[in-house]
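A.B. asks: For reference, the chains in residue letters:
Protein chains: 6
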Amino acid sequence: MKKKIVTLGEIMLRLSTPGNERFIKTQSYEVNYGGAEANVATSLAYWGCHAAHVTVFPDHEIGRAAVSTLNFAGVDTSYIQYQEGRMGVYFVENGAMQRASKIIYDRFDSAFANLNPDDFNWDKIFEGAEWFHWTGITPAISQAAADLCKAAVEAASRLGVKISADINYRRNLWQYGKGPLDIMPELIAPSHLIIAGLTDFENCMDIKESDYLQACAKAKEKCPSLKYISTTNRNSISASENGLSGILWNGKELLQSKSYDMTHIVDRIGGGDAYMAGLIYGLLHEEEHYALEFAVAASVLKHSIPGDANYVSVDEVHQLVEGKNVGKLLR
Amino acid sequence: MKKKIVTLGEIMLRLSTPGNERFIKTQSYEVNYGGAEANVATSLAYWGCHAAHVTVFPDHEIGRAAVSTLNFAGVDTSYIQYQEGRMGVYFVENGAMQRASKIIYDRFDSAFANLNPDDFNWDKIFEGAEWFHWTGITPAISQAAADLCKAAVEAASRLGVKISADINYRRNLWQYGKGPLDIMPELIAPSHLIIAGLTDFENCMDIKESDYLQACAKAKEKCPSLKYISTTNRNSISASENGLSGILWNGKELLQSKSYDMTHIVDRIGGGDAYMAGLIYGLLHEEEHYALEFAVAASVLKHSIPGDANYVSVDEVHQLVEGKNVGKLLR
Amino acid sequence: MKKKIVTLGEIMLRLSTPGNERFIKTQSYEVNYGGAEANVATSLAYWGCHAAHVTVFPDHEIGRAAVSTLNFAGVDTSYIQYQEGRMGVYFVENGAMQRASKIIYDRFDSAFANLNPDDFNWDKIFEGAEWFHWTGITPAISQAAADLCKAAVEAASRLGVKISADINYRRNLWQYGKGPLDIMPELIAPSHLIIAGLTDFENCMDIKESDYLQACAKAKEKCPSLKYISTTNRNSISASENGLSGILWNGKELLQSKSYDMTHIVDRIGGGDAYMAGLIYGLLHEEEHYALEFAVAASVLKHSIPGDANYVSVDEVHQLVEGKNVGKLLR
Amino acid sequence: MKKKIVTLGEIMLRLSTPGNERFIKTQSYEVNYGGAEANVATSLAYWGCHAAHVTVFPDHEIGRAAVSTLNFAGVDTSYIQYQEGRMGVYFVENGAMQRASKIIYDRFDSAFANLNPDDFNWDKIFEGAEWFHWTGITPAISQAAADLCKAAVEAASRLGVKISADINYRRNLWQYGKGPLDIMPELIAPSHLIIAGLTDFENCMDIKESDYLQACAKAKEKCPSLKYISTTNRNSISASENGLSGILWNGKELLQSKSYDMTHIVDRIGGGDAYMAGLIYGLLHEEEHYALEFAVAASVLKHSIPGDANYVSVDEVHQLVEGKNVGKLLR
Amino acid sequence: MKKKIVTLGEIMLRLSTPGNERFIKTQSYEVNYGGAEANVATSLAYWGCHAAHVTVFPDHEIGRAAVSTLNFAGVDTSYIQYQEGRMGVYFVENGAMQRASKIIYDRFDSAFANLNPDDFNWDKIFEGAEWFHWTGITPAISQAAADLCKAAVEAASRLGVKISADINYRRNLWQYGKGPLDIMPELIAPSHLIIAGLTDFENCMDIKESDYLQACAKAKEKCPSLKYISTTNRNSISASENGLSGILWNGKELLQSKSYDMTHIVDRIGGGDAYMAGLIYGLLHEEEHYALEFAVAASVLKHSIPGDANYVSVDEVHQLVEGKNVGKLLR
Amino acid sequence: MKKKIVTLGEIMLRLSTPGNERFIKTQSYEVNYGGAEANVATSLAYWGCHAAHVTVFPDHEIGRAAVSTLNFAGVDTSYIQYQEGRMGVYFVENGAMQRASKIIYDRFDSAFANLNPDDFNWDKIFEGAEWFHWTGITPAISQAAADLCKAAVEAASRLGVKISADINYRRNLWQYGKGPLDIMPELIAPSHLIIAGLTDFENCMDIKESDYLQACAKAKEKCPSLKYISTTNRNSISASENGLSGILWNGKELLQSKSYDMTHIVDRIGGGDAYMAGLIYGLLHEEEHYALEFAVAASVLKHSIPGDANYVSVDEVHQLVEGKNVGKLLR
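Which chain is which? The protein sequence lines are A, B, C, D, E and F, in order.
Sequence positions in the first sequence follow this note's numbering and run 1 to 331.
Sequence positions in the second sequence follow this note's numbering and run 1 to 331.
Sequence positions in the third sequence follow this note's numbering and run 1 to 331.
Sequence positions in the fourth sequence follow this note's numbering and run 1 to 331.
Sequence positions in the fifth sequence follow this note's numbering and run 1 to 331.
Sequence positions in the sixth sequence follow this note's numbering and run 1 to 331.
Derived by calculation from the structure, the hints in this document are not laboratory data.
Any given hint might turn out to be false.
Note: identical chains are not told apart, hence a pair may lie in one copy or across any two.
[What the hints assert, rightly or not] Here are the computed lysine-lysine pairs in the DSS-like style, where the Cα-Cα straight-line distance is at most 25 Å:
#1 Lys25 - Lys328
#2 Lys124 - Lys2
#3 Lys222 - Lys178
#4 Lys3 - Lys124
#5 Lys208 - Lys222
Please construct the entire structure, taking both the sequences and the accompanying hints into account.
C.D. replies: What follows is the structure in structure tokens.
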């Protein structure tokens with residue numbers, strides 16, 4: 001029986017300059033449709049889970065293209081709603097060597113931001129679900145999105161669906177009159193797993209700590225249901241080369257993953273979402289330390305693939321965890 | 001001495017699917033930067049005029065790319081203003097055969113729409129100018145844009161700069177609480193030349209006429225300074241094949257151009273702007289009937305070129321008017 | 001309630017040279033996944049039906065890519081089986097002007113050809129279904145494929161599911177020791193609708209007639225359940241220009257559609273399947289003459305779209321039937 | 001036994017803008033290596049003849065690429081010489097509709113122009129040869145090229161090798177101090193077949209005639225060995241559509257070919273060379289009227305293929321002559 | 001005088017996803033034609049040898065394209081045979097970083113597998129030849145291929161042509177009822193040079209040794225004519241970075257090459273064939289230790305070039321051996 | 001007030017093979033327009049200076065395209081002259097790993113080489129200018145170019161405009177009968193800043209020194225106006241990886257910049273020009289050591305950008321100097 005996981009969040013049209021071209025000179029943009037939460041759903045669906053993504057699209061061909069792309073990955077799109085409005089867009093310029101990568105967002109006032117929370121029947125959406133995943137981006141978009149997120153979290157909590165949250169504080173959102181501390185603590189409270197760095201703890205949970213273990217302990221105090229807290233450590237040597245590892249707090253200790261040197265990064269966007277998906281998949285199917293290793297390995301492989309979606313198989317992730325066939329030519 | 005022509009209007013990022021690809025399946029978009037008035041400026045600059053375009057861009061790399069593209073064409077960009085905000089975008093899908101071409105607009109709430117009319121010093125902008133061109137799109141965007149257009153028209157009128165207006169009624173704009181009849185008549189009044197079809201006459205000038213000559217006469221009554229009225233006749237056989245001709249009312253009669261069969265259309269967007277540019281150039285350099293033929297020939301050639309901008313030389317237009325080298329291989 | 005239609009047939013990897021490039025010089029191939037019956041399912045799914053396609057794929061990444069592509073279109077892929085073996089491939093070279101288009105097939109001994117008919121539970125597949133569609137290609141591939149087709153037709157017949165068959169005689173298949181007259185008559189017998197030209201009648205039903213109406217009458221004698229027979233008339237002026245119309249026999253008379261001149265063909269492969277899908281959709285939702293017009297219009301629009309799949313909306317087909325917006329620029 | 005045909009002439013690097021892009025905006029050029037005479041050799045080699053091309057290349061990687069490209073087509077490149085110098089280049093912009101195609105030549109002072117006639121041993125080159133083909137371009141390039149051409153013509157004449165010449169007067173060559181009338185008459189004299197239009201007759205043979213039959217008669221007077229004179233009639237409706245037919249004077253009368261309407265031209269460069277190759281092949285293998293039809297059909301098919309080289313098979317040409325499979329989909 | 005080398009083996013159509021794209025998402029495949037032995041011939045021809053490749057192709061345009069591609073490289077294709085059947089295909093997905101590269105083979109039942117050994121006249125093929133090269137892939141394909149290989153080896157042996165064999169054991173071939181130990185020992189026996197790793201020794205020569213020098217000694221016992229045994233050591237740090245060196249046993253000792261760090265691999269397929277070609281070229285033109293260095297340097301350069309064929313000049317290989325101009329910008 | 005800098009030099013059409021393709025196999029070339037001095041102007045214009053480039057172009061579409069490209073970057077093109085002739089071309093093949101990059105020049109006898117020095121009014125060109133930049137390439141091209149360079153240097157000197165010269169000795173130019181020591185010393189004499197390595201000192205200034213500080217002292221003796229001498233140190237590990245640093249002699253000591261490891265070079269052409277531009281910008285706006293760091297950082301960033309032109313902002317250079325945001329993802 002496939003595990004059902006529900007994800008919630010906006011999907012944007014991602015437009016990337018080809019190769020290493022800069023915005024100023026680009027003659028074309030490559031198309032992807034991505035969002036932090038939908039990227040998680042895509043991984044999980046590709047790995048054989050029943051992943052259902054909840055979102056809102058404008059009712060035109062580009063919205064429809066985004067839905068088709070989710071279908072391509074095997075994501076359940078049956079809970080998606082449509083309404084008038086625009087589609088959020090973000091423009092990406094891939095860095096190289098010392099030159100940084102850049103994103104220009106054009107996402108305000110989207111169909112998603114203007115959603116109607118009453119259009120969603122969470123009891124129906126969560127039928128048979130084991131897990132619900134959301135991120136700190138959604139409540140940062142608009143009051144309506146924050147309300148929807150709250151309704152989802154409450155329903156999941158009520159129905160015994162495990163909740164994960166990628167806190168993911170975004171400074172340039174939160175423009176509708178509320179700040180993260182007005183909204184996030186209540187949303188985070190019933191979580192089973194959160195992804196958070198020290199900045200996220202401070203901005204979204206009012207936990208000012210320089211020691212990660214201490215921060216975890218304080219978070220547990222505020223959210224008694226918390227079983228796991230995790231984050232990745234990224235060492236940015238250049239736009240082309242990063243180190244990556246992950247840590248997982250299990251209520252007692254900080255588990256540490258292997259560290260990977262990613263020397264020829266193809267596309268780092270979605271790397272964090274691949275980690276998130278790996279952690280959910282791992283915790284649902286494996287013991288906790290292996291789950292952490294699975295998450296990091298999934299994230300590493302994502303960096304070798306163009307686009308937001310992490311089209312790597314469960315087997316490929318397992319093999320990287322086990323150090324098999326790394327970089328070989330498989331016939 | 002180069003003739004100075006000033007144009008005013010928003011420029012958007014145009015994203016077109018390649019070849020005959022549909023929105024649903026496209027993996028990339030081709031980039032152009034275009035706007036009805038800027039397309040006119042581009043033609044005129046490419047033909048050796050001093051064409052200055054007035055607009056507002058967001059202050060980021062994509063706005064800067066649009067300015068660079070105008071520079072590429074030789075347009076004077078020194079009056080352009082920058083401010084916070086987004087860039088209007090429109091998505092284009094090229095039709096073929098019986099299948100129509102489609103545009104999805106995403107242009108609301110742009111930096112241009114939120115412009116500050118006081119940022120523009122029209123006395124300085126019009127220094128040395130002979131002609132000012134605007135279209136009905138600008139006052140349809142926002143109150144601020146309408147105010148800027150009004151300031152420009154008043155200054156041009158006061159300074160003796162000839163004014164042309166492409167009435168160009170756009171049903172899906174005009175969403176800021178005013179209708180075209182609230183705004184347009186006063187703006188059109190001091191024009192020297194207008195482009196208008198019967199629908200435009202009705203919607204923007206309250207002239208309901210089924211006979212074009214009659215409509216022209218009524219327009220002249222309302223706008224005593226009017227010397228010329230013009231429009232094109234497009235016969236859409238298919239997305240790939242159109243007939244095109246133009247007519248020019250000179251206060252006395254309707255001059256009729258040759259009619260062209262465009263059998264293998266490459267890109268029809270900007271065809272009307274090429275006509276407008278041709279008419280301005282023609283009336284500044286040629287007698288009126290030749291000006292009309294020049295305008296239609298310029299527009300025909302535009303249909304053979306990818307993108308909004310009409311990169312054809314004055315010589316190429318003259319040769320088509322004269323029926324020379326049509327479709328030959330020139331060594 | 002969505003109408004459920006089941007289709008059965010092999011899907012191949014289609015590799016097309018780009019633009020007008022010839023096989024000899026091509027540096028790349030464009031990828032599509034297509035099959036006559038799956039193309040029908042794709043149209044119907046895109047038009048909002050519940051279209052389920054039954055087939056067999058090799059269990060590797062390219063087989064999986066084909067499934068994902070069906071998912072993209074919204075086709076129900078839950079009945080698809082996997083097994084060892086290769087994927088059929090066909091190479092396409094687009095003609096131009098007087099130069100013909102060419103297909104090189106490489107489809108023998110595929111996973112589909114080696115399918116196991118017992119892997120399919122037709123009672124379950126046809127649950128809730130109103131229509132079953134198959135073509136003469138399937139029984140021509142292998143004995144196993146013919147057996148599967150027979151099992152499907154018998155189940156559909158038994159369960160009261162309407163059956164359509166595109167007879168589609170393919171000379172270079174039928175290499176497993178049986179000829180069409182050994183197999184096809186029994187399969188065709190319980191059909192509600194067939195697509196057949198005079199050659200198909202002769203080769204697959206042993207009806208030698210030069211008059212189409214007579215042929216239809218004879219087919220009805222052999223297959224009393226037949227309600228409709230249809231075919232298209234294609235006038236090949238060149239690879240770039242064809243005329244197209246359709247006829248539909250309704251038991252009494254031959255209905256004749258409008259005739260279309262397709263002057264700038266983009267991709268003609270899948271044109272017949274688009275017609276078939278249009279006819280099924282039309283007969284399920286419209287009266288019979290309109291159904292015929294819908295089928296032809298759908299087929300015409302297909303010729304303007306790259307790839308096998310007919311990504312045009314129901315609205316676009318209706319508009320072409322009604323002569324609206326033909327080849328216009330829709331803003 | 002394969003027929004051996006020898007061709008002589010410069011090969012240039014052809015750089016074409018992609019699609020319908022103009023020089024001003026192109027971001028890339030597509031690569032071909034072509035020359036009027038080498039294009040003839042390529043056709044003949046592809047049709048199974050032993051075609052040997054004689055030329056000079058600069059001794060660098062781009063010269064070597066041109067040789068490899070001839071090898072690709074099966075042309076015998078064993079007589080090619082190398083020396084210091086540059087490679088001639090020409091830039092091509094494809095027209096569309098009424099817009100003409102354009103060539104910018106950059107061919108002066110090439111390695112070929114500076115060749116040493118003594119490097120070539122014509123007795124060895126013509127071993128086993130039945131036919132020698134040259135064009136009016138070669139003697140127009142430089143004194144050295146004219147000298148080489150003369151040496152070749154004399155040797156062919158002496159050795160009983162049939163000679164064809166495409167007179168092909170090029171106004172913008174002939175810049176080394178000689179005019180065509182200084183050089184061409186002597187070179188043309190021993191020809192078996194020439195391609196010439198009225199302008200060529202006048203400029204290269206001093207025959208001023210408005211009637212083609214009269215011109216042929218006068219040419220025969222000057223060149224008693226002449227058996228055939230031919231030319232094509234091209235009707236340029238637009239850059240996208242041309243009519244094409246050919247005529248062949250056989251010493252008695254003007255044979256007239258069928259006329260073809262080429263409605264969707266892909267690439268017209270090399271069309272004349274394809275005709276020339278067709279005529280040589282035809283006269284070597286068929287009776288004279290069929291040879292003419294073969295030549296025109298070969299030329300028509302060339303217009304459907306990107307690049308200079310006419311990669312169509314003998315069978316495809318025969319089928320077009322016979323009106324079979326025109327524009328069909330061949331499975 | 002050019003050295004004549006004969007190679008024998010199947011050539012497949014290689015279809016590679018562009019850039020780092022995965023099979024699941026690729027929209028196109030890049031075309032190469034390659035085979036282990038033909039890749040050797042291509043290198044040798046490009047280096048100025050007379051390299052003749054013996055193989056069988058299907059008699060259609062794609063088979064012809066493969067021949068043209070060999071011609072492009074200057075390979076002698078005059079001994080190639082054609083017959084009915086399909087062309088073997090293999091699909092390649094380039095890895096990156098930790099993600100492995102993948103090949104999906106679709107090569108069974110090809111025209112080559114079904115060849116007729118009697119179609120080849122080895123006495124004629126070996127006229128003037130100094131060297132014959134084959135690999136363990138050929139006898140693994142089918143009985144007919146094994147028979148042809150045997151006929152070739154016997155003829156070479158009889159005619160005093162030196163023989164090299166790349167043992168190259170492929171687990172997923174050998175499906176026609178014979179195992180490598182049934183066939184290979186006899187074929188290997190008369191070799192002058194073999195490429196073999198420890199696994200190849202065990203599977204194809206029944207030599208189970210963990211020490212390479214010991215294995216070489218045992219191979220010499222079984223094959224008294226053996227003068228050289230060689231292999232490469234590849235250190236796969238990732239798909240993007242490998243170390244490479246080679247060793248050569250000369251009957252007395254193991255010569256060791258320099259070791260190279262290949263940090264930005266472009267395409268590793270054909271790397272082993274480039275080594276093989278380098279070794280043959282080196283042993284024919286240089287002393288044995290330099291030959292080994294030449295082979296490794298040729299292989300390293302191959303990794304910097306897209307496609308199977310190693311288009312690097314003899315000079316470039318020499319310079320890398322000598323450490324000159326490594327990675328410079330040569331003007 | 002923008003600083004005005006004047007640059008002088010030839011611009012060529014740069015044609016680069018895509019990706020890592022070799023000349024032999026390339027099917028297309030990517031287009032750039034570049035020249036050492038124009039690349040400096042492009043950087044300075046992009047950084048907000050008034051940079052005017054002086055050159056000569058052929059009066060055709062490709063010359064015009066080069067001008068438009070300068071306009072794109074914001075370079076002042078009003079002093080450019082046009083005349084008959086060809087455009088210099090250079091072909092670029094990007095290396096990878098141990099394989100070197102290659103340039104094939106085809107630049108002789110260009111319109112620039114044949115310029116008329118009298119067409120340029122240096123008094124007008126230098127109006128308001130603070131700086132003039134030239135390189136050793138210009139006087140190496142032709143006597144006319146050397147004369148123009150001399151006129152420019154004299155005028156700059158007379159008008160108090162600071163002069164910088166990139167000595168840049170090019171062995172394969174200097175073919176018009178003069179050697180560098182005949183011309184360069186006089187031109188270099190009035191410089192404020194020169195870029196020179198030890199080879200340049202020897203070939204162009206007759207200073208034979210193995211110690212850079214000594215060489216600088218001798219240069220100062222010969223050119224009393226010299227304030228700065230600079231050069232870069234490039235450590236070519238491979239075509240894909242270089243180390244880079246710079247040194248600046250300020251009359252007293254050698255300042256040394258940070259050293260950068262460029263591990264994934266995208267395009268190294270223009271790297272030296274970016275350094276030059278950085279040094280000019282730095283010396284005009286910053287203190288001397290920071291100017292040196294600015295120059296090196298600008299050059300490093302150039303290596304991450306395709307094409308000759310260094311489209312990085314002043315802010316991006318400052319951030320690299322300060323070690324901020326190196327290789328990050330900026331949202």
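A.B. asks: Evaluate each hint against the coordinates.
C.D. replies: Against the structure, the hints:
Taking identical chains as interchangeable, the C-alpha atoms of Lys25 and Lys328 lie at most 25 Å apart only when they sit on different chains, with a minimum of 21 Å there against 36 Å within one chain. Within a single copy, Lys124 and Lys2 get their C-alpha atoms as close as 18 Å, and across copies as close as 20 Å, so both meet the 25 Å cut-off. Proximity of Lys222 to Lys178 under the C-alpha cut-off of 25 Å is restricted to the intra-copy arrangement: shortest distance 21 Å within a copy versus 53 Å between copies. Taking CA atoms no more than 25 Å apart as the test, Lys3 paired with Lys124 passes in both settings, with 16 Å inside one copy and 23 Å between copies.
In this homomeric assembly, Lys208 and Lys222 come within 25 Å of each other (Cα to Cα) only inside a single copy, at 13 Å, whereas the closest approach across copies is 65 Å.
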